Amino acid sequence: MDMLLRDISIEALKKAFEKHAGRSPVPHLTDPVRRRQARRLAVKNGIWNSLRRAAGAGREIPVLKRSDYRGYQRSGDRQAYEQGLFRRVQATYQAALAVWLEHPDADRDYLQDLMWAWCDELNWVMSAHEKGGITDLRSMELGAELAEICHVLGAELEEEVKDRVAREIERRLFRFYRDPGNSDYWKTSRNNWNLVCNGSMIRAALLQMKDPALLANFVHGPIQNMTYALDEFRADGGCTEGPSYWGYGFGHYLYVADALYERTGGQVNIMTDPKLEKISRYPVATVIEG
Numbered sequence: 001m002d003m004l005l006r007d008i009s010i011e012a013l014k015k016a017f018e019k020h021a022g023r024s025p026v027p028h029l030t031d032p033v034r035r036r037q038a039r040r041l042a043v044k045n046g047i048w049n050s051l052r053r054a055a056g057a058g059r060e061i062p063v064l065k066r067s068d069y070r071g072y073q074r075s076g077d078r079q080a081y082e083q084g085l086f087r088r089v090q091a092t093y094q095a096a097l098a099v100w101l102e103h104p105d106a107d108r109d110y111l112q113d114l115m116w117a118w119c120d121e122l123n124w125v126m127s128a129h130e131k132g133g134i135t136d137l138r139s140m141e142l143g144a145e146l147a148e149i150c151h152v153l154g155a156e157l158e159e160e161v162k163d164r165v166a167r168e169i170e171r172r173l174f175r176f177y178r179d180p181g182n183s184d185y186w187k188t189s190r191n192n193w194n195l196v197c198n199g200s201m202i203r204a205a206l207l208q209m210k211d212p213a214l215l216a217n218f219v220h221g222p223i224q225n226m227t228y229a230l231d232e233f234r235a236d237g238g239c240t241e242g243p244s245y246w247g248y249g250f251g252h253y254l255y256v257a258d259a260l261y262e263r264t265g266g267q268v269n270i271m272t273d274p275k276l277e278k279i280s281r282y283p284v285a286t287v288i289e290g
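Heads up: the sequence shown is residues 1 to 290, going by this note's numbering.
Calculated from the structure, these hints are not laboratory results.
Everything numeric in this text was worked out from a predicted model, so none of it was measured.
All C-beta atoms, glycine included, are put in the ideal place defined by N, C-alpha and C.
Accuracy of the hints is not assured; some may be wrong.
[Claimed, not checked] Each pair of labels, with its calculated beta carbon distance range:
| no. | residue 1 | residue 2 | range |
| --- | --- | --- | --- |
| 1 | Ser67 | Val43 | 40 to 50 Å |
| 2 | Leu214 | Asp31 | 21 to 31 Å |
| 3 | Val43 | Lys65 | 49 to 59 Å |
| 4 | His20 | Cys119 | 24 to 34 Å |
[Said to hold, decoys possible] Cross-link-like lysine-lysine pairs, in silico, DSSO-like; alpha carbons within 27 Å at most:
| no. | residue 1 | residue 2 |
| --- | --- | --- |
| 5 | Lys131 | Lys14 |
| 6 | Lys210 | Lys19 |
| 7 | Lys210 | Lys162 |
| 8 | Lys14 | Lys210 |
| 9 | Lys187 | Lys275 |
| 10 | Lys187 | Lys14 |
Working from the sequences, and respecting the hints, build out all of it.
Okay, here's the thing in structure tokens:
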């Protein structure tokens, strides 16, 4: 397929950002009407009650112990660390969701303590990926997740917390990408790492960067780099890594496509290539009737 943004220069992208300055890349999360709809749905599908149970669990911040992190280096054991890691990830999701839904058990301080704890961590890279480079899937996803929380719940968070999160995203994600000496393979790889890492960083930038020129210069290259991973999808839309990674990698591409479309008021649409229709329809193509 053609290189993404083949016909959109950095200058044109900057103008699109300028023209639609102030638009949110995630309007479905910032719209109060959608928020009320989500609250009603959460009550209906049981999420509301599950948040109450989660909020009543002592509000502890899962500790990520150094010895558990080093367990992979020492013995190849990644389970102890990852169990704590994903407990904290889940706690962060639930705390943010509770605040967003205005749940009576929501605790802004607990959410902010979790965000602060992430900033305190020596490394956002998973233990099993540490030797592979400065960044990885989890570090990039975490940066995007924290940026989204700050963007959506900014009015309800303290400036000290938002400022620290912004500094850590700059240090751990953006500064890395600008440094020509740091060239992790995923930038132009032909697998899910490309879409997850490039995609998460693009989303973080769309959520964090306000200056149109800075934003356009920063995201233009990573958007184009995602073409390398899309080239690995086959004519029927399938992924050579299997259906699980189809969802993981292409899912992050869809997040970026939607955020970019919304942020530019529909001016930039990276879903127009015919191959992307095939990829999007792949789950339907694999269904056996009956």
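Now the hints, each set against the structure:
1. Ser67 - Val43: 40 to 50 Å: holds (42 Å)
2. Leu214 - Asp31: 21 to 31 Å: With Cβ atoms ~27 Å apart, the hint holds.
3. Val43 - Lys65: 49 to 59 Å: violated (37 Å)
4. His20 - Cys119: 24 to 34 Å: holds (30 Å)
5. Lys131 - Lys14: violated (36 Å)
6. Lys210 - Lys19: holds (13 Å)
7. Lys210 - Lys162: holds (15 Å)
8. Lys14 - Lys210: Roughly 11 Å separates the two Cα atoms, so the pair holds.
9. Lys187 - Lys275: holds (21 Å)
10. Lys187 - Lys14: holds (22 Å)
Comparing the model with each numbered hint stated earlier shows that hints 3, 5 do not hold.
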